[in-house]
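Q: Going down the list, the protein sequences come from chains A, B and C. Numbered per this note's numbering, the first sequence spans residues 1 to 497. Numbered per this note's numbering, the second sequence spans residues 1 to 630. Numbered per this note's numbering, the third sequence spans residues 1 to 110.
Simulated from the structure, these hints should not be mistaken for laboratory data. There's no promise every hint is true.
As the list claims (entries may be wrong) - One side only, chain B facing chain C, incomplete, derived with CB under 10 Å: (1) Leu521; (2) Val523; (3) Gln608; (4) Val609; (5) Gly610; (6) Leu614.
Claimed, not checked - Listed below are several chain A residues computed to face chain B (Cβ distance under 8 Å; list not exhaustive): (7) Ile5; (8) Glu9; (9) Asn105; (10) Asn106; (11) Leu407; (12) Gly424; (13) Asn447; (14) Val449; (15) Cys452; (16) Val453; (17) Ile482; (18) Phe484; (19) Ala488.
What the hints assert, rightly or not - The list that follows gives simulated cross-link-like pairs (lysine-lysine, DSS-like), each with its CA atoms no further than 25 Å apart: (20) B/Lys581 <-> A/Lys461; (21) B/Lys164 <-> A/Lys367; (22) B/Lys115 <-> B/Lys57; (23) B/Lys580 <-> A/Lys311; (24) A/Lys311 <-> B/Lys195; (25) A/Lys367 <-> B/Lys115; (26) A/Lys496 <-> B/Lys195; (27) B/Lys195 <-> A/Lys367; (28) A/Lys461 <-> B/Lys195; (29) A/Lys378 <-> B/Lys580; (30) A/Lys378 <-> B/Lys309; (31) A/Lys486 <-> A/Lys496; (32) A/Lys454 <-> A/Lys104; (33) B/Lys164 <-> A/Lys378; (34) B/Lys163 <-> A/Lys454; (35) A/Lys367 <-> B/Lys163; (36) B/Lys163 <-> A/Lys378; (37) A/Lys378 <-> B/Lys31.
Note that this is a predicted model, so its numbers are computed, not measured. Using N, Cα and C, we set each Cβ at its ideal position, and we do this for glycine too.
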Amino acid sequence: MGSYITFPELLIWLPLLAGISCFFMKKGEAAKTMAILASCIVLAVSVGSFFYTDAAQYASYNTVNYYWLKHIGSSFFLGLDETGRLLTFLTALSFPIIFISTQKNNYKNPGAFYGLMLLTMAGLMGVFVAIDALVFYFFWELALIPVYFLCSRWGGEQRIQTTFKFFVYTFAGSLLMLVGIMYVYMHTPQRMFGDGSVSDHSFALQSFMGALLQPGEQQWLFWLFFIAFAIKMPVFPFHTWQPGTYDQAPTAVTMVLSGVMVKMGLFGVIRWLIPILPAATSMFANLVIILCIIGIIYASCIAMVQDNLKKLVAYSSIAHIGLMCASLFALNELSVQGAVIQLFSHGINIIGMWIVIDLLERQTGVKHISQLGGVAQKAPVLTIFLVIIALANIALPLTNAFVGEFLMFSGLFKANAWYAVAAGLSIILAAVYTLRMIQKVFYGETNAVTACVKDISFAEKASLGVIVVFIFLLGVMPQHIIEFTKEAVTALIALKK
Amino acid sequence: MSNILEFVWLIPVLPLIGFLINGLGRNNLSKGLSGIIGSGVVLASFIISVLVFVQVKSGGSLDNSYFDFINISSLQLGFEFKVDVLSSLFLLIITGVGFLIHVYSTAYMHDEPAKDFAKYFSYLNLFVFSMLLLVMGGNFVIMFIGWEGVGLCSYLLIGYWYKKEENTDAANKAFVMNRIGDLGFLLAVFWIIAKIGSVNYDVVFSAASLAKFSATDITGITLLLFVGATGKSAQIPLYTWLPDAMAGPTPVSALIHAATMVTAGIYMIARSNALFSLSEFTMTVITIIGLATALLAASIAIRQNDIKKVLAYSTVSQLGFMFLALGTGNYVAAVFHVLTHAFFKALMFLGSGSVIHAMGGEQDIRNMGGLHKHMKITSVTFLIGCLAISGIPGLSGFFSKDEILAGAFGVHGYGKVIYAIALFTALLTAFYMFRLYFITFTGKFRGTHEQEHHLHESPAAMTIPLVILAVLSIVGGYIGVPEALGGNHALAQYLSPVLKSAAHHLEHSTEYILMALSTILVVAAILFAWMKFKNYQGEGEATGFGRLLQNKWYVDEIYTAVVTKPLAALSGLLDRVVEKKGIDGFVNGVGRAVNYGSRQLRLVQNGQVGVYVLLMVIGMLVLFFIQLFA
Amino acid sequence: MDIKAYLVLSLTLFTIGIIGVLVRRNAILVFMCIELMLNAVNLLMVAFSKMHAVSPVMKASATYASDAQIFVFFIMVVAAAEVSVGLAIIVMLYRNTHSVDINFLNRLKN
């Protein structure tokens, strides 16, 4: 271990410390500035980490291993691999965009708000870099708990009810996972630490992968882990917490939830579920894929009849996540590569959607499609951004989502042609509900509600501009991101049994 | 320039630059400037396309991958362009006709505010860019990028006047129906990827790859590709968006919904002819669908009163003819008809635009009449278009349509049946086109007094494209004069490296008879239209069959009843019942059950020591039993 | 002597005790029944202790055998202390409520 402070540590400690110091700030402006500044620094660190990707050469920058609970075989083991790096970057990119685009929202007790947001960020970072199951679980919960407070204190009218449901639901899933982790732990081999001490079992990912599990045990363990991840994503039929929470949470939190936090579930599948339980994964893959595809069509259908903009986006997100989950379980090169790209693309696209909705809601106080209309006349620049993001959301070519969806669908087709046919219906349905939304909200004549809408300011333009740049960058030249994640994908495919 | 082919990337990039300039600078550009930029970039592309065409004619071709788009071990996919005889021809049509329409638009759209004017040209340039990608792409994915891109531009331009819900409805309909087709296209691409791991034309159509496909694969892939084509090229069952798409500005209808975008399906099938020729079944399906669409659309066109709707149904019908040609293996004829149709249909759409412009936005031909007096150039050029589409000998439509009919006649077995239906459709075509012409341009004016006062010939920027297109509509056919008429079919020879016509060659004597037959009948149909509509004074409410035609066979209503409404009902049901009551009900039910259970359990704690002791004893007994008997 | 006899006696006493606790409403009687149960257990303990003392395993260290018997004295002492506390409580209850009916004493509720 070098004497340097490593990237994973920086990514966790910076937001954590900034978050804690926010709590003590009396002035709202100071807390806001602190949050923006801290998240920008984290972004810089994350960008910097891309210059040190070579695993062999820069191991001391990218991994860290403290001995913290030696006698039970757990160490504070963090590391950045390709998928992790991509998702930490997504996290690091999302938070500044979220803070900047929502800075006009006034929160009661802003110090606590921004502090909790930064704690969430730290938790998310931890989830994406943990290589020790206990550490992973620790950060998994750390990311959840601040969100609970954020939603229950700054949310909409029915916040208590929905937040309670969200918390209990996801927490129940986490507990299942905890049981799973403990069970696998009991079957791991001995672990030798560097200083010669030995523990009977180990929480390290490597040991988990080498755990001696009978096929029968793998089968029920699979469901413990899968349900935890499925609730987080969320996958049909574990999704019902999501629309309500997205609707009721403050929009900045919804952005975190939908853009980054749902990726925790998918990341969990990539990092933990498939490597630990490859046999059970192969066994239940078809079942999971079918579940996901039902969810895709189901959520798309429901999105078509939603009047609430936020719920519409929520259901469309369920459909998109379902597709990613199905692709991961199809477990061939095309589908997994597509899913990994889409992890990132979906994150920034949906944050863009929320920014636009937040702007509309802030100005009009309305989030129902039927009450809006004619916004394009009042806010043409906003409309252009929205149309680009919405079209990216329905995977139009030369936008980032096309690359991901194209690869995912072709991977699903390779697994089973009917999967692609059934999931492909969502391409049509997505066009239906997205265009309906654009038509009813942005086109047509203005009404009393939308007459007061103003076009967007520089800060929002900049945030949306960054998103649009990524949309086209990844849409026109996706090979860079493919190149970057190729090896991780190959390694994951190699686990297939 | 020694090798112009090295610069072909400029052809799509120039319109893209035009799009960016007009799109980003729309608040600052004057109308004149954005018009010049918009048309200028397309003109530049046209010039390069001509040079490319010359080079390709002398044997050049280009296959170039500019950068890796997606490159993983199970799929190598470059950003590739392929320029050969087929694509170079389409380049000419797109940039040439595109340029004329851009010029026309500068005058037609002149009443728009500068901001919207620039927006319009940026969309138009984006469309040209996408269409060029579509035909220049060196693999199916690049083609698909253009394919969806043109769909998007079509959506944006149909909904250009977005304040009216009717327009945006039409735009949505066009996009969604195209997407249905696109799904078919995509699935075909996936199928190809799954089988051979590449989508490059040269790889897919190589003998080695074709050998990897089973008969089912080929039929499946070609049918799915054809589904894609029915969406984009408005064939049964996905044609209903095209007539509605007339909600967009008229030059858009001319460019997108007549000359270029809707022929993308024909281009795609011609491009993949190596695949399609291998599947007898698919070819039969294409023939039947093409023929049915041609007949259905022509029958509807007879009773339409909106000038643009007539042209729209005529387009659908003509596209049907092209598919008929493809289905009978007559690829060259299909491409030939694309070319001539681009000329005369663009001409007629622009002509109708000129009429609408003069009438101050009026589109109903019942309120027109006698316009020939007021706008001679428009009238004459429109007449040329009508003659060309009807297939009067000497004009372009005659050669291409005759080739399609002859190809159909030569099909073994049921060829003569196809020929008879196609010929009948051609007669309908002549009839409804001249019905349109006579009602609009001859007789007495039936509009309001103000409109009559306002009537005027359109400005030069509109009439010059009309004249150029009229000339092309006359001479365009001479590149494909059949051998029977002493020609050598220059087009077929030019296309021969890519398209090998599978159509049967007829005896020259047979061909003469067929030509004579169709000419006589078409002239008769025109005369009939003359008799019927030269002094058109409006007609009574349509009844019976006419009413059925006027309402477009109620296809839209059927689709609404069979697809749209049930889907909406199902979604509503899922939302209200399955989601809220079923799944969420279950989740909430678990919570409520715990709550209820706790409340019930609380009653046990009633403070009676005796009860506690009793429970304790029972518990102990249970433990004993478990210990002793379990 | 066979241990069965002690077991039967002890169980009988214990059951009488339980039934008494369950059916009696007089606090003093319940209290006596509890004492009865306690003594039944004590009896059992002594009996087992005696039985194990003759077992060959325990022979090596004879002290084991008398452990339980000594323990019983402790229990009796504790029980005596308990009785005094318990009776004191009952007396206090009677002073306050003029009743020793345990069903009346449901103040634990709420």
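Q: Next, verify each hint and record whether it holds.
A: Against the structure, the hints:
Nearest Cβ of chain C to the Cβ of B/Leu521: about 102 Å, over the 10 Å cut. The hint is violated. Taking 10 Å as the C-beta cut-off, the interface hint given for B/Val523 is violated, the closest approach to chain C being about 105 Å. Residue-level restraint check for B/Gln608 holds (minimum Cβ-Cβ distance to chain C is 5 Å; threshold 10 Å). Checking B/Val609 against chain C: minimum C-beta separation of about 6 Å stays under 10 Å; hint holds.
Hint status for B/Gly610 relative to chain C: holds, with the closest Cβ pair at about 6 Å, below 10 Å. With its C-beta approaching chain C no nearer than about 6 Å, B/Leu614 sits inside the 10 Å limit, and its interface hint holds. The beta carbon of A/Ile5 comes no nearer than 35 Å to any beta carbon in chain B, farther than 8 Å, and the hint placing it at the interface is violated. Taken as an interface hint, A/Glu9 does not check out: its beta carbon lies about 33 Å from the nearest beta carbon of chain B, beyond 8 Å.
For A/Asn105, the shortest C-beta to C-beta distance to chain B is roughly 29 Å, which exceeds 8 Å, and the interface hint is violated. Taking 8 Å as the C-beta contact cut-off toward chain B, the hint placing A/Asn106 at the interface is violated, the least distance being around 32 Å. Hint status for A/Leu407: holds, given a least beta-carbon distance of 7 Å to chain B, under 8 Å. Interface hint at A/Gly424: satisfied, since its Cβ lies 5 Å from the closest Cβ of chain B, which is below the 8 Å cut-off.
This hint is violated: A/Asn447 has a C-beta 12 Å from the nearest C-beta of chain B, more than the 8 Å allowed. With a least beta-carbon distance of about 16 Å to chain B, the hint placing A/Val449 at the interface is violated under the 8 Å criterion. The beta carbon of A/Cys452 comes no nearer than 18 Å to any beta carbon in chain B, farther than 8 Å, and the hint placing it at the interface is violated. Taking 8 Å as the C-beta cut-off, the interface hint given for A/Val453 is violated, the closest approach to chain B being about 15 Å.
Because the beta carbon of A/Ile482 sits about 6 Å from the nearest beta carbon in chain B, less than 8 Å, this interface hint is met. With a least beta-carbon distance of about 12 Å to chain B, the hint placing A/Phe484 at the interface is violated under the 8 Å criterion. Checking A/Ala488 against chain B by beta carbon gives a least distance of about 12 Å; that is not within 8 Å, so the hint is violated. Taking the CA atoms of B/Lys581 and A/Lys461, the gap is near 41 Å; set against the 25 Å cutoff, the hint is violated.
With a C-alpha separation of about 22 Å, the suggested pairing of B/Lys164 with A/Lys367 holds against the 25 Å cut-off. In summary, the hint linking B/Lys115 to B/Lys57 is not supported, as the alpha carbons are separated by about 42 Å, beyond the 25 Å threshold. Between B/Lys580 and A/Lys311, the direct Cα distance comes to roughly 13 Å. Compliance with the 25 Å bound is thereby established for this hinted pair. With a C-alpha separation of about 40 Å, the suggested pairing of A/Lys311 with B/Lys195 is violated against the 25 Å cut-off.
Restraint check: the Cα-Cα separation between A/Lys367 and B/Lys115 comes to about 29 Å, which exceeds 25 Å; the hinted pair is violated. Distance restraint check for A/Lys496 and B/Lys195: the Cα-Cα separation of roughly 21 Å lies within the 25 Å cut-off, and the hinted pair is therefore satisfied. At roughly 47 Å between alpha-carbon atoms, B/Lys195 and A/Lys367 are farther apart than 25 Å, so this suggested pair is violated. Taking the CA atoms of A/Lys461 and B/Lys195, the gap is near 45 Å; set against the 25 Å cutoff, the hint is violated.
Pair hint A/Lys378 plus B/Lys580 does not hold up; C-alpha atoms about 36 Å apart against a cutoff of 25 Å. With a C-alpha separation of about 33 Å, the suggested pairing of A/Lys378 with B/Lys309 is violated against the 25 Å cut-off. For the hint pairing A/Lys486 with A/Lys496, the CA-to-CA distance comes to about 16 Å; that is within 25 Å, so the pair holds. Distance restraint check for A/Lys454 and A/Lys104: the Cα-Cα separation of roughly 14 Å lies within the 25 Å cut-off, and the hinted pair is therefore satisfied.
Among the hinted pairs, B/Lys164 with A/Lys378 is consistent with the structure: their alpha-carbon atoms are about 16 Å apart, no more than 25 Å. For the given pair, B/Lys163 sits about 18 Å from A/Lys454 by alpha-carbon distance, which is consistent with the 25 Å threshold. For the hint pairing A/Lys367 with B/Lys163, the CA-to-CA distance comes to about 21 Å; that is within 25 Å, so the pair holds. Distance check on the hinted pair: B/Lys163 and A/Lys378 sit about 12 Å apart at the alpha-carbon level, within 25 Å; holds.
The hinted pair formed by A/Lys378 and B/Lys31 meets the criterion: a straight-line CA distance of about 22 Å does not exceed 25 Å.
Going down the numbered hints, you'll see the structure goes against 1, 2, 7, 8, 9, 10, 13, 14, 15, 16, 18, 19, 20, 22, 24, 25, 27, 28, 29, 30, while the others check out.
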